[in-house]
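*Asks:* Residue numbers for the sequence shown, in our numbering: 20 to 119.
Because the hints were derived from the structure by calculation, they are not lab data. Be a bit skeptical, because a hint or two may be false.
Claimed, not checked - Cβ pair distances, simulated, as ranges:
| no. | residue 1 | residue 2 | range |
| --- | --- | --- | --- |
| 1 | I71 | T50 | 32 to 38 Å |
| 2 | I90 | S26 | 30 to 36 Å |
| 3 | N53 | I98 | 31 to 37 Å |
Said to hold, decoys possible - Here are the simulated lysine to aspartate or glutamate pairs, DMTMM-like style, with alpha carbons at most 25 Å apart:
| no. | residue 1 | residue 2 |
| --- | --- | --- |
| 4 | K96 | D86 |
| 5 | K75 | E31 |
| 6 | K37 | D64 |
| 7 | K96 | E60 |
Backbone N, C-alpha and C define an ideal beta-carbon position, used for all residues, glycine too.
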Amino acid sequence: MKYVNLSRIYLEMISRYKVTTFDVTSRMDETETNPAETMIEFYYDNRIPVNIPRLKSFLTRYIRFVDNYFITVEDSKIIICIIFRQKTQKMDYGFEFSLN
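Take the sequences, apply the hints, and build the full model.
*Replies:* This is the structure we're talking about:
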């Protein structure tokens, strides 16, 4: 999580949504040392309305150089799922070998 500033995200979530606690869960590949996907769950008071486009606009300052991230709002949780890299398919050019 080199390019994710978790402390700044947490401070912004405290000031905007009165977040009390948060959990961080990462999914690691067997062969890699860096996480492929990270999920951050912020627990907040659900009486405060969440404006997802505005939330995404200030998160772009603190989440950089990742493939994708998305935001989900459930009962009293704001879930940010960060995808660091997506597996790419190996290219197949379809070479045919001849005996010439």
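*Asks:* Hint by hint, note whether the structure agrees.
*Replies:* Do the hints match the structure? See the list:
Look at I71 against T50: about 35 Å separates their beta carbons, and that is inside 32 to 38 Å. Range check, I90 to S26: about 19 Å between beta-carbon atoms, so the 30 to 36 Å window is missed. At about 21 Å, the beta-carbon gap between N53 and I98 misses the expected band of 31 to 37 Å. Between K96 and D86 the alpha-carbon distance is near 23 Å, which keeps this suggested pair within the 25 Å criterion.
For the given pair, K75 sits about 12 Å from E31 by alpha-carbon distance, which is consistent with the 25 Å threshold. Of the pairs offered as hints, the one joining K37 and D64 holds, with about 7 Å between alpha carbons and a cut-off of 25 Å not exceeded. Distance restraint check for K96 and E60: the Cα-Cα separation of roughly 6 Å lies within the 25 Å cut-off, and the hinted pair is therefore satisfied.
Checked against the numbered hints above, the structure breaks hints 2, 3 and satisfies the rest.
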